[in-house]
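Enquirer: Chain Z is already provided as a structure; the job is to place chain X on it using the hints.
These are the residues of each chain, in order.
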Amino acid sequence: MPVKVLAFAGSPRRHGNSETLLDWVLASMAEEPEVTIEKVPLTEANINPCRGCNACEKLNKCIQRDGMDTYHDKIIEADCIVLSSPIFCMGLCSQVKALVDRAQVFRSRKYVLKLPIVPPERKGKRLGVFLATAGQIWPYVFDAAVPSVKCFYHVIDIKDADISYLMVNGVDEKGAIERHPTARSDATKLGKMVIAEQKKRLDAGRQV
Amino acid sequence: MTITILGISGSPHRHGNTETLLDSFLDGARVAGASVEKVVLTDLNYAPCRGCNACHKTGNCIVKDEAPGLYDRILAADCVAVASPIYSMGITAQLKGFIDRAQYLWARKFILKTLDFSPDHIKKHKGVFISTAGQNQTNVFDSAFPAITALFHGTGFDYSDNIVANNMDKYNGIKNHPTALQEAYEKGQQIVRELEKIKST
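Residue numbers (this note's numbering), protein chains in the order written: chain Z, 1 to 208; chain X, 1001 to 1201.
So that you can see chain X by itself, here it is in the shape it has in the complex:
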């Protein structure tokens, strides 16, 4: 059974540090035999959540654009790798705009009780966060994690790993980082093997 991996790039900067790190993870997964797709959020037509709470009654979003379609693809993937650079100590507004749109899934889970992910389902679905930051503080990613946790919890994924590299300003880009790209590549391979093992049991 082929493992499906969906990469989501939340950076507005095409082929920058974060997307390159995501690509390395996806390359590793591809080499390990996974079926890999990548979505770049700047190419997707979606609006931010309006906070109207209409989904609390219907379980569906009233905004008709490409966000729900991407959520369908997330729900169908075995592994989702979501990537964002750190802007102002958080994920980009583009990625936050997409994550906020998951409110209709939250409503299905907690208000309407029409959506539930079993522990077995969650175990078989792995979420990975990939990020880079210009700054060198080690805590620079901390405020990004809770929104990523919200995304993976809402979509039934086991948020299993962070692949992050700080201090990009000093390294002058991810390509000069001593370990990050290789680490991402290896983790891409590893996660496919892990998922194959979990799904075969």
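So that you can see chain Z by itself, here it is in the shape it has in the complex:
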């Protein structure tokens, strides 16, 4: 069964550590049959921050017309959504935070308007992957980013238990991740594992 992967490269620095980590995961996924991947660098996605107007609580859509018009639909259509971000100032970079905040329309749909995010037959069949890199070596450097990531996946109907994480600290200058002892093999393993699980879920759906 075909698997649709939508991947956001969140870093403003193209082809840096977090994007390289993402590329390794996507390359591993692409080796599997019937996997289609769309990679979106957020610097080219034209996604503005949320204005906090709460209009989506009534309109069921955002009043802003920008790149999110496209990615809103793609987020619903994808089976697996991968998000990568570098850690800036102990959190997601602001470009990724803007995407996360713009998921407010899904929150309004789910909790205020009580409407479905995906059709019932696709519920529980979507997976999330969060990839991050940080220059600092502190083990807690990712802690403040994760709750926002969980919010993002939660409102697009991907449960906490269905999110996989690969977060690599101690990689700062461009290319540093290439010298990391395990990042590449961990990313490759993760890509394979996620696609295997994704296929299992989609196949299970087909048999019912």
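Think of the hints as simulated: they come from the structure by calculation, not from any bench. Keep in mind it's a predicted model, so treat the numbers as computed, not measured. Note that beta-carbon positions come from the ideal geometry of N, C-alpha and C, so glycine has one too. One or more of the hints may lead you astray.
[Stated by the list, open to error] Just so you have them, the derived chain Z footprint on chain X, three or more residues with Cβ under 8 Å: (1) 1001 to 1013; (2) 1027 to 1034; (3) 1051 to 1059; (4) 1081 to 1095; (5) 1099 to 1107.
[Claimed, not checked] Capping the alpha-carbon separation at 25 Å, the derived lysine-lysine pairs in DSS-like fashion look like this: (6) X:Lys1113 <-> Z:Lys174; (7) Z:Lys61 <-> X:Lys1170; (8) Z:Lys110 <-> X:Lys1170; (9) X:Lys1038 <-> X:Lys1197; (10) X:Lys1170 <-> Z:Lys114; (11) Z:Lys174 <-> X:Lys1038.
Expert: Chain X alone, transformed into the frame defined by chain Z:
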């Protein structure tokens, strides 16, 4: 000596709960005799950090917009009160976008070693975080604190207090909260008195 207080509102929603709470803090400070200014980030023209690391070599940001000017004003203030509502368990993308732009100060401190804040300087500069959240969980602010810590450490401020109020959805707005606005007002007065005392010694 007049104490200078700079309020920075990171909410895109004008005159909402967070900005109202910030205003109450600033009113208290004004009444206590401080010189008070407020900047609303949505009125400021600035782009997010590009992560280019050019500042690691030069100590300056290559993006020419209004962010460095606001950092100059932060560095010149005795107290900075930075405010953001909680969106998706963190500060707004607008405030995060501004905080990420402090990278050139980080570079000056840790790479180029051209910037240093003495313990005495830090003691005389107080940073306050002001926030509201719709949700009622008490941990709803936890993931916002580390970015605020980064901002205040990077600019030489003693991150001295949080003025936060959760459960806004239930209260139907900050104006119906039993204590938050009064607490912010009193803390605004207090911080001016404290800074006057510290600076006179």
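Enquirer: Taking the hints in turn, state whether each one holds.
Expert: Here's how the hints hold up against the structure:
Using a Cβ-Cβ cut-off of 8 Å, 3 residues of the region 1001 to 1013 of chain X lie near chain Z, which meets the minimum of three, so the contact claim holds. Given a C-beta distance limit of less than 8 Å, the hint that chain Z covers the region 1027 to 1034 of chain X is violated, as 0 residues qualify and 3 are needed. Coverage of a stretch by a chain is defined here by at least three residues with a beta carbon nearer than 8 Å to that chain's beta carbons; for the region 1051 to 1059 of chain X and chain Z the count is 3, and the condition holds. Figure legend: the region 1081 to 1095 of chain X, annotated as covered by chain Z; annotation consistent (9 residues with Cβ-Cβ distances under 8 Å, at least 3 required).
Remark: the region 1099 to 1107 of chain X is confirmed as covered by chain Z, as 4 of its residues place a Cβ nearer than 8 Å to a Cβ of that chain, reaching the required three. Taking the CA atoms of Lys1113 (chain X) and Lys174 (chain Z), the gap is near 22 Å; set against the 25 Å cutoff, the hint holds. Note on Lys61 (chain Z) and Lys1170 (chain X): the hinted pairing holds, with a Cα-Cα distance of about 24 Å set against a maximum of 25 Å. For the given pair, Lys110 (chain Z) sits about 18 Å from Lys1170 (chain X) by alpha-carbon distance, which is consistent with the 25 Å threshold.
Restraint check: the Cα-Cα separation between Lys1038 (chain X) and Lys1197 (chain X) comes to about 24 Å, which is no more than 25 Å; the hinted pair holds. In summary, the hint linking Lys1170 (chain X) to Lys114 (chain Z) is supported, as the alpha carbons are separated by about 18 Å, within the 25 Å threshold. Note on Lys174 (chain Z) and Lys1038 (chain X): the hinted pairing is violated, with a Cα-Cα distance of about 38 Å set against a maximum of 25 Å.
Hints 2 and 11 from the list above are not met by this structure, while the remaining hints are.
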